[in-house]
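Undergrad: Here's the letter readout for the chains.
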Amino acid sequence: MTSIVEHYINGKRVSGSGDRHQDVFNPATGEVTCQVALASAATVEEAITAAEAAFPAWRDTTPAKRAQILFRYKQLLDEHAEEIDLLLTLEHGKVLPDAHGEFQRAVEVVDYMCGAPELLKGEHSKNVGPAIDSWSERQALGVCATITPFNFPVMVPMWTLIPAIACGNTVVLKPSEKDPSSTFRAIELLKEAGLPDGVVNLVNGDKEAVDVLLTDPRIQAVSFVGSTPIAEYIYTTGSANGKRVQALGGAKNHAIIMPDADLDNAVSAMMGAAFGSCGERCMAVPVAVVVGDETGDAFVEKIKGEIAGMKVGPGTDAGNDMGPLVTRPHFEKVKGYVDLGVEEGAELVVDGRDLVVEGNENGYFLGACLFDKVTPEMTIYQDEIFGPVLVVVRAKNQQEAMDMIDAHEFGNGTCIFTRDGEAARYFTDNIQVGMVGVNVPLPVPVAYQSFGGWKRSLFGDHGMYGKDGINFFTRRKTITQRWPTAGVREGAVFTFPSSK
Amino acid sequence: MSEQAKKLKYCVNGEWNTSSTETYMNCYNPSTGEVIAQAPQCTAEEVESAVAAAKAAYPGWSNTPVVKRVQVLFKFKTLLEKHLDELTEILAREMGKAWEEAKGDVLKVIEVVDFACGMPHLMKGEALMDCATGYDTTMYHHPVGVFAGIAPWNFPAMIPQGWMAPICIAAGNCFVLKAASFVPQTSMRITELWYEAGLPKGVLNMVTTSRHEAEILLEHPDIAGVSFVGSTKVGLHIYSTAAANGKRVQALTEAKNHAMVLEDCMLQRTARGIVNAFCGCAGQRCMALPVICVEESVADKLVEYLVQFSSELKLGPAYEESTGLGPLVNQGHMEFVTDWIQKGVDEGAKLVLDGRNPEVPGYENGFYVGPTIFDHVTEEMAVGRDEIFGPVICIKRIQNFEEGLQIMNNSEFANGSAIYTQNGYYAREFCKRTHAGMVGVNVGIPVPLGVFGFTGQKKSFFGDLHTMGKDGVRFFTELKCVTSTWFTEEMATQKVTTWDGTI
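Note that the protein sequences, when read in sequence, are chains A and B.
Just so you know, we're using my numbering here: the first sequence kicks off at 5 and counts up by one.
Just so you know, we're using my numbering here: the second sequence kicks off at 186 and counts up by one.
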């Protein structure tokens, strides 16, 4: 009898009426581990109702009291780290140390939002006019929806729901149906931390659930992370229904490797950036733009050698560098891109398609793949592949490399490897990308800054967490106040008031 | 002495040492009058060793990334919560304030620790690209070095371990605390918890000394700043001496907070608030409310309520949960307060409720003074002007708002003030024109939450950066502005102007 991961509404696990179900797999073995419920519209509406009911009391809970719950939640997360890491790896596939890294980044957002009393302060001006004071407050919105992707089943939900509740909102979370269990466990711990029922609700589901969240008038804000086509759909539909939306989409991050770069360092960095987590990250770096053929040849030679030493296998074995891809359809899609790259005429330097992991023959394992002499016309250059496929593009100089990046559809992350400060400054100043690294291939901002790319990597104007998180999940109210003269003392005034 | 009064130690470099001094200072249980411990008068060498340990620990601690530093504070918070009752008991026993007040003292530590956990975002600097073409400026917040804290006896936990240590330490500095000689034990236990939370050795050091050795801290070249709370006289001395030695100083001193009570206030609720404000912690707070300026029309009724509600307070030992009002901190202070009450009588104030020599059965040797109310206090009387620091309240009768405000603003102190009224106009006028730095509207003790600063003014404070809040962060950090530019090949031959291109 397979267990079903269902929903969490009003502080309880619930079955939805009219739900469909779908299998959840262990990508390392290809076996079905459980099922997940796909919520019907009625179930989602039930969650929204619970969130709506919980809002008034939560909104009126002081920021300091809300912060105490987050301090307690941080403690609980730390106590349950191993348990959650394992649930994550068993469904997503990433290696355990990687799962734990994701977990720690999630806790950092909780750490930051413990500062809610300070972060929610408004601004005050005395005497904006004679005897008139004015101040701004940041007030909660109401019920917020957050829709999160498969690749970070713990971290991305925390990116959004923690700022949302710290700001006084209530939440309906719809995580990925591909790997629901670690998310579910993390949400259950909120109640143990003292969070009142109904403040955070979780519904598992697919498009049917999402469409309810985009159209229900009670939802004030929608936060999304996923692919660009869906991000665009979420943004336009949510906005058309009068909601504020932030929708983070896809990426095809480029790294520029300059001739003066420390090449060993760059190669080492690119290994992690391209193949870490099987390349299933919106901050992965799957394009290496190498300046100059001498550097290009040296880079390819070195990284080829490094790839040969990679250990690929189940994520539960912490000695592995890389686990499987998340599902069989995704595996087929990524493999299809490799086939396409060969057809398009790119040079397949390392072919990971023939990888077999003994004992895990039914797992979705793809070995790391390396293409050289890729050009911008190729599909494998343009599309987000979201797999362990690194393409090398040759450029004549820095400007050409930068022009390539600027011309691309996406603008999430980028990096330059160089020892030259001037080159670095020119790059950081001019490149049309939101998160920029100098000798740092994964420039993911820390929890007290904010995360967001440019162009079609982000629809909306607020990034995630940090100050942007506060601003997205609150709205400003500006109050202008004056007190007429003494009043009580003067008694009723029947004549027209005039200034004395 | 009851049992063998234990000889306390001092803490340097994470280790508790027995002092080599011959002189020990008595620590009493104010509820019973017994000596419960003895604090060493640490020697000059021992104080020096504390500073040296802090200095040695500084490079390692200041170079630890701030996100890692605050993990110690997150753990420290959970330990404080876990040991809350234990700390409350130690505090009540050594200082005398009632149970809930003692607990509040410790909770206020946690409040600032919560705030200091946000040091990663609080220490963010500012940056501007292209200040001049091709020039960027980044401004960083840096820790400074070693700070000294000199703490008073009235808040054995909140002031040294709340106002001073958490922000100082989270910002990357090291700290030498000279704890109050009468009441060091709560602070010592909390220091143990800091180390249990993973604080590296030497980041926090603790001594008890006489004034003489404390001077070392004001002049020591390795101490960058001094934080002080205590009397105005000592505060001024510390402020000027430390400043003369090139250190940054914040000195929080005395108060004589006044509240204005207007005729339209909710009188009964106001009276209850006032009783809490003048009797809480037996009046031993710089935010106590020992003077009321009340409109004549409601004065009689207010005094009646004050007498009634004050008389309901049960005097007793601090650590018994039924106690509403605990003892004063020691014999000397009890005599100080009773002398003031006599002075008030001699000056001609009307003694409506006399708290001297109260009966507290079973605790005859404790340092008790009951609630004391003077009415018809006038501006010539010192009892209405100077800080008494006991459960003594003075009623000044006024004709109107303007008169009340004038009296209040004439005070040399400006720590806190309050107005009780239902009227928005007068509330606003009051807030705008009162000299006090911490103002209450229908709040008798308007101590700001830890995310704001403790902002007293005039002779209640010397310096320009207060404790807690953003001021606290600024006091414990310094700013560094970095201007950078990168050269291209073409620039090799260009002329460099006097402003080096930055204009």
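Since the hints were derived computationally from the structure, they do not count as laboratory data.
A couple of the hints might just be wrong.
Cross-link-like lysine-lysine pairs, in silico, DSS-like; alpha carbons within 30 Å at most [claimed, not checked]:
1) A:K16 to A:K195
2) B:K644 to A:K471
3) B:K253 to A:K130
4) B:K655 to B:K617
5) B:K617 to A:K125
6) B:K680 to B:K665
7) B:K528 to A:K130
8) B:K253 to A:K471
9) A:K130 to B:K643
10) A:K195 to B:K253
11) B:K309 to B:K655
12) B:K665 to A:K125
13) A:K481 to B:K253
14) A:K130 to B:K680
15) A:K195 to A:K211
16) B:K309 to A:K69
17) A:K481 to B:K680
18) A:K471 to B:K643
19) A:K130 to B:K655
20) A:K125 to B:K680
21) B:K643 to A:K459
Undergrad: Against this structure, judge whether each hint is valid.
TA: Hints versus structure:
1. A:K16 to A:K195: 9 Å, holds
2. B:K644 to A:K471: 38 Å, violated
3. B:K253 to A:K130: 39 Å, violated
4. B:K655 to B:K617: 22 Å, holds
5. B:K617 to A:K125: 21 Å, holds
6. B:K680 to B:K665: It holds: about 28 Å lies between the C-alpha atoms, which stays within 30 Å.
7. B:K528 to A:K130: 43 Å, violated
8. B:K253 to A:K471: Within the cut-off at roughly 21 Å; holds.
9. A:K130 to B:K643: Holds, at roughly 21 Å.
10. A:K195 to B:K253: 27 Å, holds
11. B:K309 to B:K655: 12 Å, holds
12. B:K665 to A:K125: Between B:K665 and A:K125 the Cα gap is close to 26 Å, so the pair holds against 30 Å.
13. A:K481 to B:K253: Status violated; Cα separation ~36 Å.
14. A:K130 to B:K680: 49 Å, violated
15. A:K195 to A:K211: This hinted pair holds, its Cα atoms lying about 28 Å apart.
16. B:K309 to A:K69: 25 Å, holds
17. A:K481 to B:K680: At roughly 53 Å apart (the allowed maximum being 30 Å), B:K680 and A:K481 break the hint.
18. A:K471 to B:K643: 36 Å, violated
19. A:K130 to B:K655: Within the cut-off at roughly 20 Å; holds.
20. A:K125 to B:K680: Violated. A:K125 to B:K680 sits at ~49 Å, over the 30 Å cutoff.
21. B:K643 to A:K459: Status violated; Cα separation ~55 Å.
The structure fails hints 2, 3, 7, 13, 14, 17, 18, 20, 21 (numbered hints given earlier, in ascending order).
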